[in-house]
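Please take these sequences and the hints and turn them into a complete structure.
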Amino acid sequence: MTTDSAATVPAPGQEGTGGILRGGLLVVAAAMMAVTLYFIFFWVPTDANLGVSQRIMYFHVPVAMLGLLSIVVVAAASAMHLVTRREEWDGLAYSAAEVGVLLTSLGIVTGAMWAKPTWGTWWTWDPKLTLTLVLWFIYVGYIMLRAYGPKGSQGARYGAVVALIGAIDAPIIYYAANLWRSTHPTLVVGPAAESGAMDSRMALALLISIAAFVLLYVYVLVERYALRRSEAAADELYRRTA
Amino acid sequence: MSPDPNLGFLFGVFIVTWAGFFGYAFIMSRRQREMQREIAALRTIIEAREERE
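First to last, the protein sequences are chains A and B.
Per the working numbering, the first sequence starts with residue 1, numbered consecutively.
Per the working numbering, the second sequence starts with residue 1, numbered consecutively.
There could be a bad hint or two in this list.
A few chain A residues that don't get close to chain B, going by computed Cβ distances all over 10 Å [stated by the list, open to error]:
hint, residue
1, Y38
2, I56
3, M80
4, W136
5, G152
6, D169
7, T186
8, D199
9, E223
Where chain B lies over chain A, by a calculated footprint (3+ residues, C-beta under 8 Å) [unchecked claim]:
hint, region
10, 59 to 69
11, 110 to 117
Calculated directly from the structure, the hints in this document are not laboratory data.
All of these numbers come straight from a predicted model, not from anything done at the bench.
Just so you know, even glycine gets a beta-carbon here, dropped at the ideal spot from N, CA and C.
What follows is the structure in C-alpha cells.
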C-alpha cells in the first residue's frame, strides 16, 4: 500500500458517507432477504417430485452462482491491478477471493444437503461438483499464496496470475452439466438456462432470492474491502513507527 | 398429515447459510474495530514522536 492508505482510512467513529452507505446496503439486503424467506417458506409451491428439499435450491443456486462469479471478480480486479498497478484493485481481488471461499464452501455444503435426500448420497464425483471443488482449492490456494508467499507487489502479481488461470474454471463449471453426462440438474439461471423449465412462481422466487443474495454479497464484499484498507493502513503505520 | 421427512435438510441449509454469512460478517466487524483501535494508537505514537522531533 502507498503511504496514502493510512491517511485515507477514517478514524474510529468517523466513517462518514461510506459507513452510512454500507449500513444502508445492509438494511436493504436484510429487508430483501426477509421477503425472500417469505417467498421460499410460504409462497412458492412445493415440488411434486422432490418435496420440500427442492426449496434448498433457493439458497443453493444463489450462493453457488455468486461463488462462481466471485472468481471472475477476482480475475478482473487482478487484471486491472496488473495493468494499472493500483493497490485498490489488488485489495478488491483479495476481498473477492475471501468472500468467494465463503460462498463456494456454502455452495458445496448446501449442495451436499440437497444431494443426500435427492440422490441418496452427500457427494458424488460428478463433473460439476468436482470442478466446484477445484474452484474451492483455487480460492484457498490464492489466499494461502497471499498469506505465505512473497509480500507486497510481487505477491500481488503472483496472486493475479493464479486468479487469471483459476477463472478459466468458471465457464467450465457453468456449462459442466451440459458438456458431460451429469447427474447435476441442468442450468436454471444464466444464458444457457432452458426457458420455461421451471414453474413461473418458482422462477420468480429464485429471481428474488438471487437479487437478495447479490445485495448481501455486495455488502460483505464492501465490508471486506474496507477491512483490507484498514489492514493496509495499519501496516503502513507500523512501518512508520519501526 | 406427517411433516416431510426432508424438512430437516431444508432447515439445515437455512441455518448453515445464515451461520456462514453472519459469522463472517461478525468476524469482519470485530476485526475492523480492532484495526481502528490499532490505527488510532499508532497515529498517537507517530504524532507524539513528530512533536518530540
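So, going through the hints one by one against the coordinates:
1. Distance to chain B confirms Y38(A) as a non-interface residue, since its nearest Cβ pair spans about 13 Å, more than 10 Å.
2. Distance to chain B contradicts I56(A) as a non-interface residue, since its nearest Cβ pair spans about 5 Å, not more than 10 Å.
3. Every beta carbon of chain B lies more than 10 Å from that of M80(A), the smallest distance being close to 23 Å; the non-interface claim holds.
4. Listed as a non-interface residue, W136(A) keeps its Cβ farther than 10 Å from every Cβ of chain B; the least gap is roughly 14 Å.
5. At roughly 19 Å from the closest C-beta of chain B, the C-beta of G152(A) stays outside 10 Å, upholding its exclusion from the interface.
6. Taking the minimum C-beta to C-beta distance to chain B, about 21 Å, the non-interface status of D169(A) holds against the 10 Å cut.
7. Separation of T186(A) from chain B is adequate, the least Cβ-Cβ distance of about 21 Å exceeding the 10 Å criterion.
8. Separation of D199(A) from chain B is adequate, the least Cβ-Cβ distance of about 18 Å exceeding the 10 Å criterion.
9. A Cβ of chain B approaches the Cβ of E223(A) within 10 Å, the least distance being about 5 Å, so the stated non-interface status is violated.
10. Counting residues of the region 59 to 69 of chain A whose CB falls under 8 Å from any CB of chain B gives 3; the rule of at least 3 is met.
11. Coverage of the region 110 to 117 of chain A by chain B holds. Counting CB-CB distances below 8 Å, 5 residues qualify, and the rule asks for three or more.
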